[in-house]
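**Student:** One-letter residues, chain by chain:
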Amino acid sequence: MQSSNTVLERKRRFDRVVAVLHRDMYRYAAWLSRDPAIAEDVVQEALLRAWKSLDALRDDAAAKQWLLTIVRRENARYFERKRLETVDIDSLTPSQSAMLAETDDSDLDDVRAAIYRLDDDYREPLVLQVLLGHSTREIAELMGIKPGAVLTRLHRARIKLKKVVDEAEA
Amino acid sequence: MMKCEDYRAAIAAEPSEAFDGGAGHAAACTSCAEFKAEMQSLDQRIARALTINVPKLELPDLRPIKVDGDTRVVNLPFRRRATMSVPAWLGVAAAFALVAVVATQYFSAGTGYPSLADEIVAHLDHEPMALKVTTEGVSESTLLDVVRADVVELSADLGLVTYARTCVINGNTIPHLVIQGEKGPVTLLLLPDEEIDMAVPLDGKAVHGVLLPVGKGSVAIIGERDERIGEIEQRVIDSVTWSI
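Taken in order, these protein sequences are the chains called L and V. Heads up, the first sequence is in this note's numbering, so the first residue is 1 and it goes up one at a time. Heads up, the second sequence is in this note's numbering, so the first residue is 1 and it goes up one at a time.
Honestly, the hints are just simulated from the structure, not real lab data. Please note: incorrect hints may appear among the correct ones.
With the Cβ distance kept under 10 Å, some of the chain V side facing chain L (calculated, not the full set) [as the list claims (entries may be wrong)]:
#1 18
#2 21
#3 48
#4 147
Cβ atoms here follow ideal geometry from the backbone N, Cα and C, with glycine treated the same way.
Given the sequences, and given the hints that come with them, work out the whole structure.
**Tutor:** Spelled out as structure tokens, the structure:
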């Protein structure tokens, strides 16, 4: 009975963590891979890995960074396995197209398309900062780069996006 | 005092103005204050654009592997070699030393075995004739006799069944089937009355397997050491539907 209780408790803890953070995991994966279908696969794999190594998470308060790190690694593994080519925005799959046109707001879709076109190096820190609320230090840790490099990338990303938005409004 | 160029670089990196000296500069420089407002407005649009719809979460099969403090090692018996009609069967019969890591409650009170896992492996040891490599399936009538429709329904996705008979496990008459895996025969014991809350992995030198929770019952799957049991697990889950 003890083993059943332990397993149940572990499962409950996992459910608690995932219930709060699975949206962040999915959106991060989607913007990393730029493909909702791949994002679902990546999140599934990440959840499996998280489940297996849940005991390594000492503090649930650190769960977000922990899970996003797993998502990042799983995304890298996915692309290593599949050896996918760079996404060509002019020949998107249906799921990729759907990601770019989720709303009837064409202005919003333009911004989304511009983010989609950003280089991975610029898009990822932007997602982490704006969408997931990470600090510069947290982004640097997750991406394995220096805080100064994070700030440079964020600055460049926004300048690129501002240019697109300004041109669209002109 | 911060220079405008530095301020704009900083505010474009952190529109929340989380850097030192920013507020003072913006208060004193109208142009940079406008730039800051533009960046913050842009950020709101970026945030909305990034907030894509999230599909309904489907959790993967989260199978417990080990429960600290409650794991138990069961030394399982060597298999006796049976008369072999197919050379590949040699690999199955040889050195059948299965060491199971069992992380579940005991089921088999009164059967003479300390656990369901013990009884399952002992049972396999008694029916070595079931484990032969063959492409010949059992007849449909035999399969229907063994796999009673009022107990369990099997879909054809399970694959070719090369052995089928009823056996008694833990006091219940259950279907004992063998299908052919990539590396050799794979034993399936369908246990509709044995509900477990977690999978029990079995690990040995020559073979390995799992006691898998399936709905209100369970299924024991045991194959050779390099058999990809995980793929067979999914087939079993997809193919087995309890009728009771």
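**Student:** Against this structure, judge whether each hint is valid.
**Tutor:** Evaluation of the provided hints:
no., hint, result
1, 18, "holds, 8 Å"
2, 21, "violated, 15 Å"
3, 48, "holds, 6 Å"
4, 147, "violated, 30 Å"
The structure shown violates the earlier hints numbered 2 and 4.
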